[in-house]
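Student: Sequence:
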Amino acid sequence: MKTRNKNEPEKIKTVFLYKKDRAKNTQKNKNENKMQRKPGKKENARASSMGRRLSGAYTRMMVDSFLSCLILILIVYCIFNAAVIIRDVIHIINDLGSTDKLSESIYDIVVQHDTELDISAVDGEVLLNTFGKYDKPPGMVPVWFYGKDGLVYMMIRTYLNRPDGLYLVGIFKDITTVLLEMAVLMITAVVLGTMVLLTIFFRGRAMTKNALYPIAEMTRMAKEIKAQNLNLRLNVTNAKDELKELVITFNEMMDRIEDAYNKQNQFVSDASHELRTPISVIQGYARMLERWGKEDPEVLTESIEAIRNEAENMRELVDKLLFIARNDKDTLNLSMETFSLSEMMDELVKETRMVDQDHIIESSIDQDVYINGDRNRIKQAMRIFIDNAQKYTQPGGIIEISLKNSNNTAVLSVKDNGCGISAKDINNIFDRFYRADESRDRNKGGHGLGLSIARIIVLRHGGKINVKSKPGEGSVFSIVLNSLPKTPGNDVNSAYSESKNP
Numbered sequence: 370m371k372t373r374n375k376n377e378p379e380k381i382k383t384v385f386l387y388k389k390d391r392a393k394n395t396q397k398n399k400n401e402n403k404m405q406r407k408p409g410k411k412e413n414a415r416a417s418s419m420g421r422r423l424s425g426a427y428t429r430m431m432v433d434s435f436l437s438c439l440i441l442i443l444i445v446y447c448i449f450n451a452a453v454i455i456r457d458v459i460h461i462i463n464d465l466g467s468t469d470k471l472s473e474s475i476y477d478i479v480v481q482h483d484t485e486l487d488i489s490a491v492d493g494e495v496l497l498n499t500f501g502k503y504d505k506p507p508g509m510v511p512v513w514f515y516g517k518d519g520l521v522y523m524m525i526r527t528y529l530n531r532p533d534g535l536y537l538v539g540i541f542k543d544i545t546t547v548l549l550e551m552a553v554l555m556i557t558a559v560v561l562g563t564m565v566l567l568t569i570f571f572r573g574r575a576m577t578k579n580a581l582y583p584i585a586e587m588t589r590m591a592k593e594i595k596a597q598n599l600n601l602r603l604n605v606t607n608a609k610d611e612l613k614e615l616v617i618t619f620n621e622m623m624d625r626i627e628d629a630y631n632k633q634n635q636f637v638s639d640a641s642h643e644l645r646t647p648i649s650v651i652q653g654y655a656r657m658l659e660r661w662g663k664e665d666p667e668v669l670t671e672s673i674e675a676i677r678n679e680a681e682n683m684r685e686l687v688d689k690l691l692f693i694a695r696n697d698k699d700t701l702n703l704s705m706e707t708f709s710l711s712e713m714m715d716e717l718v719k720e721t722r723m724v725d726q727d728h729i730i731e732s733s734i735d736q737d738v739y740i741n742g743d744r745n746r747i748k749q750a751m752r753i754f755i756d757n758a759q760k761y762t763q764p765g766g767i768i769e770i771s772l773k774n775s776n777n778t779a780v781l782s783v784k785d786n787g788c789g790i791s792a793k794d795i796n797n798i799f800d801r802f803y804r805a806d807e808s809r810d811r812n813k814g815g816h817g818l819g820l821s822i823a824r825i826i827v828l829r830h831g832g833k834i835n836v837k838s839k840p841g842e843g844s845v846f847s848i849v850l851n852s853l854p855k856t857p858g859n860d861v862n863s864a865y866s867e868s869k870n871p
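Add 369 to the 1-based position in the sequence shown for the working numbering, that's all there is to it.
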């Protein structure tokens, strides 16, 4: 039914304001997303603190390793010199035991082994002493230390068994050189170790800070991210190895979040606009009724008809939005059953021919094709493809509905010779509220949600949708589903009969 032109300026104004607001918000978001400040002092302090802790841990580990190595070296050095001294003591005792005249050969032994000797009888009487006067250690202590003329001597006490009797021998070894070598070794090791540790600490701190910078940057950016700057991304230049992979993963996650958020915003904006249009029409006709409807039956009838149509349009849109929302929340329930896909397609062809007298409806349906699924939902998906074919095919055009089954794969197709879809639009036709070009606008009806709903239904059944289209020649939409195998004894038909007649 014709509507009055008085209502058209209001609809045009609504669309214009909607587009203007969207363009304004898009430009505002772009300007805000370009602003990225440098890391603040708090973030740097946290990164620096973590760097200090890690550097301190590395340094303590190095100190422990260094001290362990130094102690091990000193132990090995002492054992080596002790072994040398023990060997000399054994040689001295052997020489003292093998000489015929102890008093005559003792000085040769002292010179030969670079040592000093103190030989006394068991009762304590000193027989020979080349060391000089000293305080004897208490008891029979085997090792004792003495200082003489700025030198340090180590005395080893042992017994000497000779044919002429048993003697007590004190062997004095000069260990001053050994102690000096040990002192020099320790001082050198401590100085070099301190220098190395300081280098490791400060260098490791700087390296750790650089290595942890991406983590600090991620922390800073995670705190800064808001709805207005979801396009912020981390810089992967300073990251290496696993941290670089972490940064790349974080950026990919932000890409997905931004894409989902933008789609959600787009969805809300489009849904609001789709609802705004019928509401504007209803408001316009309500004003007409208020002004002229009480006295003009034609205006009254026209207004009631228009309001009823727009209300039905709003109800249909809300139903579609609820369907999509249930799918997004994973609360969409399907009534799965085994049914005859061939019967459903024959029924669909029959209904289409009844309601569509403007197109030539052709069909090619394979029989005895069964699947397990929600019969009403699959029929709804096919009805969406058929409705689109009817909208975008000129009167007198051909629409072909077919079902082919091969290798347990059922292919449901709708083919038309209408206006077709361009290559740049074909990848987006399943997006919500998407309309391709000028020929596929609101004048054709619908809300741009049909193909999205069809895609949800098919994916829920584990199938896929194939689209072939060429502008000016038409389109082919195909649903590919898994069909039930034909088994001996007609088991599929029996199962179908049982599901219909429990």
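Be careful, since some hints might not be right.
Claimed, not checked - Below, in silico cross-link-like pairs of lysine to any residue (SDA-like), each with a Cα-Cα straight-line distance of 20 Å or less:
(1) Lys784 - Tyr761
(2) Lys760 - Ile734
(3) Lys833 - Leu701
(4) Lys578 - Leu615
(5) Lys505 - Glu494
(6) Lys698 - Phe799
(7) Lys793 - Ser775
(8) Lys613 - Thr646
(9) Lys689 - Phe619
(10) Lys837 - Ala792
(11) Lys595 - Lys578
(12) Lys632 - Arg526
(13) Lys839 - Asn776
(14) Lys839 - Asn786
(15) Lys773 - Lys698
(16) Lys689 - Glu667
(17) Lys632 - Arg804
(18) Lys839 - Thr778
(19) Lys839 - Asn777
(20) Lys784 - Gly765
(21) Lys542 - Lys632
(22) Lys542 - Val560
Calculated from the structure, these hints are not laboratory results.
Keep in mind the model is a prediction, meaning the values are calculated, not measured.
Student: Work down the list of hints and note, for each, if the structure agrees.
Tutor: These are the hints, each one checked on the structure:
| no. | hint | result |
| --- | --- | --- |
| 1 | Lys784 - Tyr761 | holds, 12 Å |
| 2 | Lys760 - Ile734 | violated, 23 Å |
| 3 | Lys833 - Leu701 | holds, 18 Å |
| 4 | Lys578 - Leu615 | holds, 17 Å |
| 5 | Lys505 - Glu494 | holds, 12 Å |
| 6 | Lys698 - Phe799 | holds, 19 Å |
| 7 | Lys793 - Ser775 | violated, 32 Å |
| 8 | Lys613 - Thr646 | violated, 49 Å |
| 9 | Lys689 - Phe619 | violated, 34 Å |
| 10 | Lys837 - Ala792 | holds, 10 Å |
| 11 | Lys595 - Lys578 | violated, 27 Å |
| 12 | Lys632 - Arg526 | violated, 95 Å |
| 13 | Lys839 - Asn776 | violated, 29 Å |
| 14 | Lys839 - Asn786 | holds, 10 Å |
| 15 | Lys773 - Lys698 | violated, 34 Å |
| 16 | Lys689 - Glu667 | violated, 33 Å |
| 17 | Lys632 - Arg804 | holds, 15 Å |
| 18 | Lys839 - Thr778 | violated, 26 Å |
| 19 | Lys839 - Asn777 | violated, 29 Å |
| 20 | Lys784 - Gly765 | holds, 14 Å |
| 21 | Lys542 - Lys632 | violated, 91 Å |
| 22 | Lys542 - Val560 | violated, 30 Å |
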